[in-house]
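**Student:** Sequence:
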Amino acid sequence: MTSTDPFDSALDLLRRLNPSTTALNVQRLCTLSPSLTDDLLESVDIPLTTRKCRVTQRDFLCCDYNRDGDSWRSPWSNEFEPPLEESEVSEGVTPSEKVRKMEVRANEAFDVYRELYFEGGVASVYFWDVEGGFAGAVLLKKAVSPGGNSTGSWDSIHVFEALDKPPRQAHYKLTSTVILSLGTGAEGLGKMDLAGNMVRQVEQDMPVDDDMSHVANVGKMVEDMEIKMRNLLQEVYFGKAKDVVGDLRSIAPLSETNRDRATQREMISSMGK
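Each residue of the sequence shown is one higher than the one before, counting from 1 in this note's numbering.
Worth flagging that the hints you see were computed from the coordinates, not collected in a lab.
Honestly, I wouldn't trust all of these hints.
Simulated crosslink set (SDA-like; lysine to any residue; CA at most 25 Å straight-line) [to be verified]:
1. Lys240 - Ser255
2. Lys142 - Ser255
3. Lys165 - Ser96
Produce the entire structure from the sequences given, and follow the hints as far as they go.
**Tutor:** Following this line, the structure appears as structure tokens:
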């Protein structure tokens, strides 16, 4: 009789629960089995949380890439919130001076990007050193409550690795995750809860003139990926919902709809021949 891996069981359970409560479910699993905490936080994408930098008084996003124990590094001050204990100060992982300069420039650039595309929300960028280059995470979050019981949130997590490719190029590998949650409730319409995530990955070689070229290259890749994923989410969420509603109650008589579909199939079949 084979034993079941607790980590696999936890992931299997999360896949069967409501995506809108993933963060709460992960917290409960970590409480039930503390030994799985690090693995779950590294493997499960959950909506981003926000903290305030005590030095700059600016909000920043928290994720596993800027976490050290129960503290998170602020991209604005490069200090941890809450502060690490005196005995742990040397354990706080921060980027090298070269990578930190790129991180500062990237945060400035994506703060403009956030305002242009989201008109609000919070953006944070974190870089760290890896052998042969560097890696990073670009985080974006916006939550809205337009009124009544309607809510919505968008969380995007872009994790990339940039490896030097002499003489003047770099190889980028980008993994992007978007978590979308929509909810509404009214006496006349009832309650609707729509939540889920999408993951996409891309690799690309791009020219590099200096260190700051990395910021422009990553920015372009993230921008292109977000536009593609936004269009895909619109098609998956709303296009599919429209098809289902159309099958339940057609605007035109069903006889006309079925005749049009038969004509379409006939045309496709003749083109194949």
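**Student:** For the pair supplied as a hint, Lys142 and Ser255, confirm whether the alpha-carbon distance does not exceed 25 Å.
**Tutor:** Roughly 45 Å separates the two Cα atoms, so the pair is violated.
**Student:** When you check the alpha-carbon spacing of Lys240 and Ser255, does it fall within 25 Å?
**Tutor:** holds, 22 Å
**Student:** Next pair to validate is Lys165 with Ser96; report whether the Cα-Cα distance is within 25 Å.
**Tutor:** holds, 20 Å
This entry does not satisfy hint 2, going by the numbered hints stated previously; all others are met.
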